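Q: Just so you know, the protein sequences line up as chains E and G, in that order.
The opening residue of the first sequence carries number 1 in the working numbering; numbering runs sequentially from there.
The opening residue of the second sequence carries number 212 in the working numbering; numbering runs sequentially from there.
Since the hints were derived computationally from the structure, they do not count as laboratory data.
A quick note: this is a predicted structure, and the numbers were derived from the prediction, not measured.
Fair warning: there could be bad hints in the mix.
[Claimed, not checked] Simulated crosslink set (BS3-like; lysine-lysine; CA at most 27 angstroms straight-line):
1. E/K35 - G/K354
2. E/K143 - G/K246
3. G/K358 - G/K406
There are 2 protein chains.
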Amino acid sequence: MILHGYFRSTAAYRVRIVLNLKGLKAEQISRHLRKGEQRTPDYLELNPQGLLPTLILDDGEVLTQSLAIIEYLDTLYPAPALVPSDPLRRARVQAFVLSIACDIHPVQNLRVLQALRAGGFSEEQMNAWAADVNAQGLAACEKLLSKEHSTFCFGEEPSLADVCLIPQMGNARRFGVDVAKLFPKLTAIEQAALKLPAFANASPAAQPDAE
Amino acid sequence: MILHGYFRSTAAYRVRIVLNLKGLKAEQISRHLRKGEQRTPDYLELNPQGLLPTLILDDGEVLTQSLAIIEYLDTLYPAPALVPSDPLRRARVQAFVLSIACDIHPVQNLRVLQALRAGGFSEEQMNAWAADVNAQGLAACEKLLSKEHSTFCFGEEPSLADVCLIPQMGNARRFGVDVAKLFPKLTAIEQAALKLPAFANASPAAQPDAE
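With the rest of the complex left out, here is chain E (with noise of 0.2 angstroms):
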């Protein structure tokens, strides 16, 4: 398999996290995000929405979306087990998924803060906005944890909700926010997620590509 990626790409590290779970192995190619790599027309070829990431499987079908990678990476090599089977507990887990996936990381994607400077505004504005949309989010996050009590997000094995969140943590301290005092939560999880080789060896650090 290929997996085109980046280092500091949230969607990338997410699957990178997943293939080291399930001890699969992928070439990977970095796509220079600042430096416009996700929109060659090569790449829009596999990915129409020039976004990352993209995974060419060995017979060359190509899968796109992170969330559907793995979805996809989940069925056909499903130990460990990613998502809960129970369909209320599975709910929970999808539901902080989503939170992150949909109504974080694409809100200050670098995408979104090209077109707000674009649209006149300062660093400093485009920073804030990073920041908040972390923050408030991760407040979600944290407070959508209240009745669990466990190692990871959702119990005594890392899910698909680990498999998000920490990426995300990693942007919010990016961004300013500080994450170690306004989620103690998350940040005990997060400390207990990187001490496996699954997503210590995946972060943005241990990338070849990272600057």
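Please build the complex by placing chain G on the supplied structure of chain E, with the hints as guidance.
A: Just chain G, lined up with the frame of chain E:
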């Protein structure tokens, strides 16, 4: 069941379509978004994100995030199926769904537009922003269907892709995107879907709280 929604919320519209497709009934409570009724303390207890929709099950369990709610309903009421069982086909449908649910809808919703206004965007700039997010996102959707030649997005029966597409088409039109001209394939699908009572009866104009 009780569905907290709003006639114009595209995320609530998705759930209304699925309830109709599955032949399920839910009492609807309208939360007026522009009046901030999604941010009252009682509602935030149910939905810490302060977003629509929320579904309250008959036993009092609370579900949030439209796609998590839909997956729950689809598990408990599997007919008609909303996603294909073949993993690769499923990944294609989910990528299409997520391209709307992650990369269009949250980037042009009221919360973002209000933040843009607070950041100094004029009404004209805000509308151009929303139109652009919709137009770019739907252009990718049209391309994601380039190999599909069916009545609905991915076949002769509506799937989760159509459940997400139809509400977004309405939103794009509301922001002035000439969808009929730009997206002939999506427009033909929309016309087919809105002939089905499950879609037509879920549309904003058909809701009791429509203004």
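Q: Each hint needs a verdict: does it hold in this structure or not?
A: Against the structure, the hints come out as follows:
A threshold of 27 angstroms between alpha carbons decides the hint, and for E/K35 with G/K354 the separation of about 24 angstroms falls inside it, so the pair holds. Using a Cα cut-off of 27 angstroms, the hinted pair E/K143 and G/K246 holds, with the two alpha carbons roughly 24 angstroms apart. Annotation: proposed proximity of G/K358 to G/K406 holds, straight-line Cα distance about 24 angstroms (limit 27 angstroms).
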